[in-house]
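**Q** Chains as they are written, first to last, in the numbering used here: chain A, 3 to 459; chain B, 3 to 459.
Quick caveat, the hints were computed from the structure, so don't treat them as lab data. All of these numbers come straight from a predicted model, not from anything done at the bench. Idealized CB from N, CA, C, for every residue including glycine. There could be a bad hint or two in this list.
Lysine-lysine pairs mimicking PhoX-like chemistry, simulated, CA-CA at most 25 Å apart [what the hints assert, rightly or not]:
1) K395/B <-> K192/B
2) K354/A <-> K383/B
3) K354/A <-> K192/B
4) K354/B <-> K284/A
Estimated spans, in silico, between C-beta atoms of each pair [as the list claims (entries may be wrong)]:
5) D102/B <-> D316/A: 18 to 28 Å
6) T276/A <-> D102/B: 51 to 61 Å
7) V166/A <-> D102/B: 39 to 49 Å
8) K39/A <-> N271/B: 52 to 62 Å
9) L98/B <-> T244/A: 39 to 49 Å
10) V166/A <-> V256/B: 57 to 67 Å
11) D243/B <-> D316/A: 32 to 42 Å
12) N378/A <-> E285/B: 54 to 64 Å
Reference excerpt, derived from the structure (chain B facing chain A, CB under 8 Å, subset only) [to be verified]:
13) A19
14) G161
15) L217
16) V281
17) G282
18) T320
19) S404
Next come the chains, spelled out residue by residue.
Protein chains: 2
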Amino acid sequence: MTLDPVLSRLDSDLSAATNRLFDLLRIPSVSTDPAYKADCDAAADWLVADLQSLGVDASKRPTAGHPMVVGHVEGDGPHLLFYGHYDVQPVDPLDLWDRDPFDPALEETDQGTVIRGRGSSDDKGQLMTFVEACRAWTAEHGSLPCRITFLFEGEEESGSPSLVPFLEENAEELTADIALICDTGLFESKVPAITTMLRGLLGEDFTITGPSRDLHSGMYGGLAMNPIRVLSNILAGLQDDTGRITLPGFYDGVPELSDAIRAQWQGLNFDHETFLGDVGLKEPAGEQDRTPLEQIWSRPTCDVNGIWGGYTGDGFKTVLPSEASAKLSFRLVGTQDPDAIRKSFRTYLESKLPDGFTVDYRTEKGSAASQMSVENPAFEKALNALSDEWPDKAAYIGCGGSIPIAGYFKELLGMDSMLIGFGRDDDQIHSPNEKYNMESFHKGMRSWARILDALTT
Amino acid sequence: MTLDPVLSRLDSDLSAATNRLFDLLRIPSVSTDPAYKADCDAAADWLVADLQSLGVDASKRPTAGHPMVVGHVEGDGPHLLFYGHYDVQPVDPLDLWDRDPFDPALEETDQGTVIRGRGSSDDKGQLMTFVEACRAWTAEHGSLPCRITFLFEGEEESGSPSLVPFLEENAEELTADIALICDTGLFESKVPAITTMLRGLLGEDFTITGPSRDLHSGMYGGLAMNPIRVLSNILAGLQDDTGRITLPGFYDGVPELSDAIRAQWQGLNFDHETFLGDVGLKEPAGEQDRTPLEQIWSRPTCDVNGIWGGYTGDGFKTVLPSEASAKLSFRLVGTQDPDAIRKSFRTYLESKLPDGFTVDYRTEKGSAASQMSVENPAFEKALNALSDEWPDKAAYIGCGGSIPIAGYFKELLGMDSMLIGFGRDDDQIHSPNEKYNMESFHKGMRSWARILDALTT
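The shape of chain A in the complex, shown without the other chains (with noise of 0.2 Å):
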């Protein structure tokens, strides 16, 4: 057997790759803020060494924004990519940390062992299951059981803008059979899963201006357009009492479910009521005349992720202020198109403004959705493998996330992806205390084993 003592050393060894983990978790690498450039970088340097520790041909690759890991091992089968993140999101509000998210720590909780900080789950911890699987497998077996390049990026969660560029300049490098992505979660603590659906994001960030400068309300009151009513106005018309999006032409694109996996959706034990349960709210806010799960994992979403604008300190000032802002986000399905629906949100908007006031946007990323193609044997050996590892047999399901990376590898490289990650839905992976179960990390770990296994034998 070649599996058996891989999967007795990752036991055996648990304790040092915490340890591993907690000093990549200690660099705070938050991509989005200039302020952690350095950081961003010394994870880089932190990834490549211990790549190469593991006999993998690593190193760091400048883009103009924060660089790419690539590592290289040589070997016969199939050639795999392995995708993962070493950027975090930001941590603010600091203050609603039980503790510094960048001194990572064991916490007993009621569902065992957690390692919390920020990066624990999204997504040093789910890349280091991977990374760790492979330590254990070249220490039992002298090498890798196959041909295997490792790809990490540093601009995840910035929308990766040097990803495309990247991929188009090196394709040959990384062009594999197949690409193993680590950035999802499991369908629920007991069920892993393959995720093949997931959605695109586009974002809008954006200040309107009305007035010169800001007013007193007392003086300008009543005659004065103020901006925020404006900006209230715009994101209130976005949606309709019935949860339905109004921006003309959104819907385009928008696939329904096909019967097939609507029957396996309605036969997975979602419980909408707990899932909202668990973080206060008790009211489903999507489309009323579609069920919860599709409206997390196929239905297209706008939320507002940011808003400001006018006096926000202590006590009150009564100013008319100059400018409001916003950053809206749109969950993308099927073949809705990122720039067809940008066109028709500005249009909305400008819509909106009365004569005299003007907007600037920020931004112009955007990225549609993707859908794997389950066709290729790979998925099946990986779902057994999952299977094997986890109490109950795993799944093919949908995400509400936006992972184009995806979509980029099958767009550029021809290459099929396959999401497998070991997040659960209350990593608070984007919320202050992030946490990874330690059975994540540790299944997590022993499941990458028995998928090289798999695809290997």
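Starting from the structure of chain A, add chain B where the hints point.
**A** Just chain B now, with coordinates in the frame of chain A:
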């Protein structure tokens, strides 16, 4: 002649008076921010010392908040109470100031010399016009022409929380024949004014909470209700398409203008296109069936003074926030009842909250509108005195701002108030780069000398 030598001394002493004002402007007495508590105290001390130098029996008087300054001089004839406030507005956004807000300076502009700095117009520069008139009078005649009580408050920009209890506790000491309040403006640069109609103010500062923590919009987006969306809907629903405020009962107690006032206002040379055009706006925003002067002087309003929620830093964060917050203010007129309107607003807001959402209110203050009784002969005397000083005839006008002090004087001390000030519309009193025209400062002092003369001969 008692007046002429006083006017001459005010002319020759102008530079020294300006330097005294600069000393006061250098004290950053921002009352709304606890960080400036010691500075508010220092401004009160400065005023006590300055009044004492005029022979006024002045002292700093503690309150639950920032101190009052009270001073007395005895004399024959009418007993006047003069009111001003030594606290100033916050200065943010600081980066929009062309200089340190608390390092005042003279600047030459196309309107002549101006005094630049926070508080120059609102209200330190204005209150010093009266103090300087008293200084010159005392210097020329050895004493003031009548009994005068000085009352300087340090919480006007914070809604005057200590004022009512202070007036109640010291009613006998503070009650005079008439109050003079210097915190308003000219009608226009050549036209002085007595403000006889003031809007009231009701503030609401609140936070809506939905999810118990920030959520990842990829995981929850579409299913979890977003508090910013809820807040936008609440704010957007406050006004209808014609600019009318939709709260039930909101217009109860809003009077129509008398024919006389309507005729007088139509005679005023108010060009709303220029008024709005000067601040980069084109369209009036208020009730479409009301004239622009009605919109700012005699109609109630609702403005959002601040809004915040979610991620507002650089770049993107696909967060579905737990909270969204806003600060609103309503300007009130006639006999609108602040308590009834607050209740109507909160009923409306809470009716819009999805099941499971909560709201936390941080405000409890409100003041009704005021209307002065111009039958008191002091009004006519002061109006004529103003007409003597300025190029054009003085007018009785309305004011969009809220100066509840006049209402308190009437209600608690049975005293009429004359609101006379020399600010201009473009003083940017709650904005960056606040200024006070040197002409306002100089002719303001001279106006008070004339008014003192008119009221005592």
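**Q** Compare the structure with each hint and give your call.
**A** Do the hints match the structure? See the list:
1. K395/B <-> K192/B: It holds: about 8 Å lies between the C-alpha atoms, which stays within 25 Å.
2. K354/A <-> K383/B: violated (51 Å)
3. K354/A <-> K192/B: Not satisfied, since the Cα-Cα distance of roughly 39 Å exceeds 25 Å.
4. K354/B <-> K284/A: holds (15 Å)
5. D102/B <-> D316/A: 18 to 28 Å: Roughly 22 Å apart at Cβ, these two residues keep to the hinted range, so it holds.
6. T276/A <-> D102/B: 51 to 61 Å: holds (56 Å)
7. V166/A <-> D102/B: 39 to 49 Å: Holds - the Cβ-Cβ distance for V166/A and D102/B, about 47 Å, lies within 39 to 49 Å.
8. K39/A <-> N271/B: 52 to 62 Å: holds (58 Å)
9. L98/B <-> T244/A: 39 to 49 Å: Once the Cβ atoms are compared, 42 Å apart, the range 39 to 49 Å for T244/A and L98/B holds.
10. V166/A <-> V256/B: 57 to 67 Å: holds (59 Å)
11. D243/B <-> D316/A: 32 to 42 Å: holds (35 Å)
12. N378/A <-> E285/B: 54 to 64 Å: holds (59 Å)
13. A19: violated (26 Å)
14. G161: holds (6 Å)
15. L217: OK, holds: L217/B within 8 Å of chain A, min 6 Å.
16. V281: holds (4 Å)
17. G282: Hint holds; G282/B Cβ to chain A Cβ min 3 Å, cut 8 Å.
18. T320: With a closest approach of 5 Å, the T320/B hint holds.
19. S404: Result: holds, 6 Å to nearest chain A Cβ.
Violation of the numbered hints given earlier is confined to hints 2, 3 and 13; the remaining hints are satisfied by the structure.
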